[in-house]
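Protein chains in written order, with the numbering used here: chain A, 2 to 305; chain B, 24 to 237.
Just to be clear, a hint being listed does not mean it is correct.
To be verified - Label-pair ranges, simulated between beta-carbon atoms:
hint	chain 1	residue 1	chain 2	residue 2	range
1	B	Lys104	A	Glu297	52 to 60 Å
2	A	Glu236	B	Ala53	37 to 45 Å
3	A	Gly113	B	Ser108	47 to 55 Å
4	B	Thr117	A	Gln53	26 to 34 Å
5	B	Asn220	A	Gln77	34 to 42 Å
6	A	Met109	B	Leu100	26 to 34 Å
7	B	Lys104	A	Trp100	40 to 48 Å
I should point out that these hints are in silico values taken from the structure, not numbers from a laboratory. None of these values were measured; they are calculated from a predicted model. Quick reminder that beta carbons are idealized off the backbone N, C-alpha and C, glycines included.
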Amino acid sequence: MNCEEARQFMLLAGYGELSFEEEEALELHVASCPGCQSERAGYVSMESLLAQAELNPPPGLLARCRRDLAVRIGEQSSPARRFAFSALWRRWVVHPPMWLRPAGAFAMLAIGFFAARFVPDTSLFAQFAGPAEPASVARVRLVNAAESGQVRVLYDEVRQRELTGSLQDDRIRSMLISAAADPSDPGLRVDTMDLLKNHCERDEVRQVLLHALRNDPNSGVRLKALDGLKAYAREPETLQALAEVVQRDDNPGVRVQAIDLLLQNREPEVVGLLQELLRREENSYIRSRSQKALSEMKASIDTF
Amino acid sequence: MNSHSATFAADQPGAARVRAGDLLAVDEAALIRAAQAGDHDAFERLVRNYDQSVLKLAMNLLRSPDDAYDVYQEAFLRVYKNINSFRFDCSFHTWLYRIVTNLCLDQLRKRKVRKTEPAVVETPEGPIDRLETTPEHRPHADPQRALLSTEIKRKIEDTLSGMSARERMVFEMRHYQGMRLRAIGDVLGTSEEAAKNCLFRATQKMRSALGDLI
Numbered sequence: 002m003n004c005e006e007a008r009q010f011m012l013l014a015g016y017g018e019l020s021f022e023e024e025e026a027l028e029l030h031v032a033s034c035p036g037c038q039s040e041r042a043g044y045v046s047m048e049s050l051l052a053q054a055e056l057n058p059p060p061g062l063l064a065r066c067r068r069d070l071a072v073r074i075g076e077q078s079s080p081a082r083r084f085a086f087s088a089l090w091r092r093w094v095v096h097p098p099m100w101l102r103p104a105g106a107f108a109m110l111a112i113g114f115f116a117a118r119f120v121p122d123t124s125l126f127a128q129f130a131g132p133a134e135p136a137s138v139a140r141v142r143l144v145n146a147a148e149s150g151q152v153r154v155l156y157d158e159v160r161q162r163e164l165t166g167s168l169q170d171d172r173i174r175s176m177l178i179s180a181a182a183d184p185s186d187p188g189l190r191v192d193t194m195d196l197l198k199n200h201c202e203r204d205e206v207r208q209v210l211l212h213a214l215r216n217d218p219n220s221g222v223r224l225k226a227l228d229g230l231k232a233y234a235r236e237p238e239t240l241q242a243l244a245e246v247v248q249r250d251d252n253p254g255v256r257v258q259a260i261d262l263l264l265q266n267r268e269p270e271v272v273g274l275l276q277e278l279l280r281r282e283e284n285s286y287i288r289s290r291s292q293k294a295l296s297e298m299k300a301s302i303d304t305f
Numbered sequence: 024m025n026s027h028s029a030t031f032a033a034d035q036p037g038a039a040r041v042r043a044g045d046l047l048a049v050d051e052a053a054l055i056r057a058a059q060a061g062d063h064d065a066f067e068r069l070v071r072n073y074d075q076s077v078l079k080l081a082m083n084l085l086r087s088p089d090d091a092y093d094v095y096q097e098a099f100l101r102v103y104k105n106i107n108s109f110r111f112d113c114s115f116h117t118w119l120y121r122i123v124t125n126l127c128l129d130q131l132r133k134r135k136v137r138k139t140e141p142a143v144v145e146t147p148e149g150p151i152d153r154l155e156t157t158p159e160h161r162p163h164a165d166p167q168r169a170l171l172s173t174e175i176k177r178k179i180e181d182t183l184s185g186m187s188a189r190e191r192m193v194f195e196m197r198h199y200q201g202m203r204l205r206a207i208g209d210v211l212g213t214s215e216e217a218a219k220n221c222l223f224r225a226t227q228k229m230r231s232a233l234g235d236l237i
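Sequences are here, hints too, so could you generate the full structure?
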């Protein structure tokens, strides 16, 4: 392999796009070529610079996109029926023909008169005094029959409520912590992590982020959790979680971010992990980061 | 839904996620079929599976929240209108990304004609400096570092603007979205080799632009 080929391969190696043989040939060449070694160091530096320029959508944009999309899809879902209904509405109610207007006025009077006679006096009271319609029945808990022949049903109901407040508010925080564990909605979890990640000074929040980092199936959520834990990378619990992620996470992007964070402080405990990574990690960026860190820490690149 | 719950509670994320990945592929086909049959909930779940990455891709390619919003709306409306013509001859991801990248390419080409791009853009969430939307790594720690970081972002921004629409697209999908070159080729309707050459050109441009900083 010559230097020009090696430089082409270097780029692809950083992205994990080389075959085993190609990567071996590259490593052999780089090991014996100081020019290509510094070229590779340049690629690694470029990677870290590029990471700083990644844009995240502003907070709230995703929610606005989703809300507006739902509205637009609703408008599109039955255009023919909506058109027919709106045409009828305009034709007969908004702009009725002149001959129909007196008839319409008479009909309104007649409806008012008969409605007053047929509606019971207690209707208004009954409307408020009776049991409310459930917003949505989540689960029926108990059914039994009374002697009178009536049936008694005990059910849970789900109601939608809104809560507004700052992240210092315990209720808001506890809602967010519960949303962070909602397995059915990764989008909600990402939005929640985005909010929680700036409040890691609280132990309960940090625990949520650590749990998400280890267990969340969505890589976007895991990346947000990593972002939030940056300032706590020296703490033993975070170090432990980062080490697990670097070894086990199936997403190379998450592993790359985790190794960067892990190496930020050069703790001596990570030497063993780096040696292990060097031995079995597939991603060449992570391997080269590990190798560089080991040599900077004056540690052996082999396990004994 | 069950597959999500099971995975979420698992202690060994790597192994569990591989199994969940298989289940998700099956789930996705079922979701697509349900959406084709007119099930709105299924369509919404499909959207939610992909919409964050679509928005992020559009945001990074177009560097403007307004344009990213437009691409998001248009892409998913096209998916909604044409879901019945999806025949499973490629993955849903590839099909969706074809739509998104075509919309972004159109925007980028239009922008080449318009040329200027303000640094501060107005959004319903308030004015946003496009160079400041990236979360700063401990921004208060070192003002000199913050200044350098802004300079780096500006250089990267300028270099991205100088790339051709396709180079930018390939660079973005490979670098920030972590897509394989073969998948990028599928999305852009070209070969893996062509995508590789495009990526190489784009990276060389970026490398020489950042030369004095690395």
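Against the structure, the hints come out as follows:
Checked against the hint of 52 to 60 Å, the C-beta distance between Lys104 of chain B and Glu297 of chain A comes to roughly 55 Å, which is consistent with it. Checking the proposed 37 to 45 Å range against Glu236 of chain A and Ala53 of chain B shows it holds: the Cβ atoms sit about 43 Å from each other. Separated by about 53 Å at the C-beta atoms, Gly113 of chain A and Ser108 of chain B satisfy the suggested range of 47 to 55 Å. The hinted window of 26 to 34 Å between Thr117 of chain B and Gln53 of chain A holds, with their beta carbons roughly 30 Å apart.
Take Asn220 of chain B and Gln77 of chain A: their Cβ atoms lie about 40 Å apart, and the range 34 to 42 Å holds. A beta carbon spacing of about 42 Å between Met109 of chain A and Leu100 of chain B contradicts the range 26 to 34 Å that was offered as a hint. Under the hint 40 to 48 Å, the C-beta atoms of Lys104 of chain B and Trp100 of chain A, about 43 Å apart, fit the expected range.
Hint violations for this structure: number 6 only, all remaining hints satisfied.
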